[in-house]
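Chemist: Could you build all of it, start to finish, from the sequences and the hints given here?
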Amino acid sequence: MTETTDNQTQIDAIWNALQTVTDPEIPVISVVELGIIQDAYLDNGNATVEMCPTFAGCPALDVMRDNIRHAVRAAGFDAVDVKVVYDPPWTTDRITDEGRRKLKEFGLAPPTQCGGSPVTEALIKDTACPFCDSKDTNLESIFGPTLCRAIHYCNSCQQSFEQFKPV
Amino acid sequence: MSDLFNLKNLPTDLKPAVVDLLYRLADDSILIGHRNSEWTGIGPILEEDIAFSSMAQDKMGHAAAYYTLLHELGEQDPDTLAFMRDAHDFRCCQFVALGNIAPDAPAESPDNCNNPTRDRLMAHGDWAISFVRQFLFVQADVVRNSALESSRYDPLASLCRKIRGELRYHTMHAESTLRHLAHGTDDSRDRIKKSFVYLWPYALGLFEATAHDQALADACICPTQADLQREWRARIDPMLADAGLTIDESVQPKFGGRTGKHEQALVDALADMQKVYRLEPTATW
Ligand SMILES: [Zn+2]
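Residue numbers (the numbering used here), protein chains in the order written: chain R, 1 to 167; chain C, 1 to 285.
Any given hint could turn out to be false.
As the list claims (entries may be wrong) - Dumping the calculated SDA-like pairs for lysine to any residue here, alpha-carbon to alpha-carbon at most 25 Å:
1. C:K8 / R:D39
2. C:K194 / C:S37
3. C:K275 / R:C58
4. R:K104 / C:S37
5. R:K83 / C:H71
6. R:K83 / C:D227
7. R:K83 / C:L73
8. R:K125 / C:K275
9. R:K83 / C:N6
10. C:K8 / R:N46
11. R:K83 / C:S158
12. R:K125 / C:H180
13. R:K104 / C:E47
14. R:K83 / C:A64
15. R:K104 / R:I151
16. R:K83 / C:R152
17. R:K125 / C:D227
18. R:K125 / C:S158
19. R:K125 / C:K8
20. C:K261 / C:A283
21. C:K8 / R:Q38
22. R:K83 / C:E75
23. C:K15 / R:V84
24. C:K8 / R:V85
Hints are computed from structural coordinates only; laboratory data are not their basis.
Modeler: This is the structure in structure tokens:
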């Protein structure tokens with residue numbers, strides 16, 4: 001095995017380990033699917049993971065950071081460095097298609113894609129019910145039980161639902 | 001634009017100015033966060049309880065991030081900065097430290113065996129004051145944040161670009177709630193007016209000039225407070241006019257916060273905010 005492929009095998013092992021780490025508030029989605037892993041590489045043999053925080057005040061971030069460290073260590077890396085980076089800023093557009101599918105399955109409407117434009121109330125209102133797919137919904141509150149959620153009401157199936165809000 | 005500054009190449013003579021700027025940002029954030037969080041569980045309606053709690057949590061997060069930038073520049077660790085400094089070390093404006101209580105509220109509060117701040121808030125709290133402050137604050141916050149997104153001090157610019165999306169929700173909340181209250185009932189109109197008159201001189205304190213303004217502006221790190229204030233006014237004046245709020249241009253601003261001169265309100269806020277941490281500073285959470 002050449003040194004480069006050996007290196008790549010190790011990097012793949014880091015990514016596989018990251019795929020097992022989930023958001024404690026939404027335990028179905030991995031940190032990779034959530035789009036918060038900016039990079040994973042070896043730095044002098046140390047596993048280094050760059051993580052972009054979702055919301056600066058999200059209490060789940062410290063937990064995710066610890067869980068990332070443990071998971072990568074369990075994959076055979078003794079030294080693991082988890083770096084918090086703000087550049088590029090995390091946005092919900094970074095959530096993968098698989099991540100969006102899992103959010104919906106969990107009962108959370110996935111965030112509308114913003115394509116780099118600032119989020120508007122109209123964009124948040126344009127949300128389909130995750131239970132019945134109806135677009136006949138009302139925005140109840142742009143703040144919810146956790147920093148990343150907004151609350152909507154579905155007029156079709158007459159129940160409220162939460163959305164992973166676009167940022 | 002000239003080369004960006006980072007931790008390694010920030011000129012030594014600019015460092016004290018950047019440190020002072022970061023203290024102002026961090027301390028404003030943690031105090032508004034703390035005061036807004038006092039409504040958690042007792043907000044006037046559930047939606048506003050959740051909104052204030054969420055925005056408080058965001059601002060605490062921003063404060064932690066600014067304190068981390070300070071720590072990287074050689075200041076103490078974020079927890080020590082937040083919980084072990086005394087009022088005269090804080091560089092927040094007096095505006096963000098004010099209690100959520102009308103100035104003419106009775107001095108005495110019933111003792112319902114909560115902590116005294118909560119008992120007083122439940123008896124005499126005035127959410128109109130909290131909301132009008134939040135409106136005026138977030139408009140300044142967003143003006144400052146968008147200016148700093150292109151700051152030449154890159155660690156700060158990156159953080160501000162990250163915070164931008166979160167602040168969108170704060171401005172959406174502030175603007176739609178102000179419209180509702182201003183076009184609501186006589187009571188809601190009167191209460192926002194009264195709160196606005198009380199708060200305005202303090203709000204001007206957000207833009208108290210500092211000894212570092214010119215150096216920061218010359219280095220393209222942060223516009224002067226005078227420039228930021230002009231932008232803030234351009235943003236809020238039409239909204240205030242729509243809400244029927246008239247600005248008294250003759251009032252004297254409440255300055256002092258940026259040089260560590262504070263009212264009792266900050267001492268009281270810190271006593272609550274720092275109490276648990278100071279019981280056992282070495283405890284791990
Ligand atoms: Zn439905």
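Chemist: Which numbered hints are broken by the structure, listed smallest first?
Modeler: When the structure is compared with the hints, numbers 4, 6, 8, 17, 18, 19, 20 turn out to be violated.
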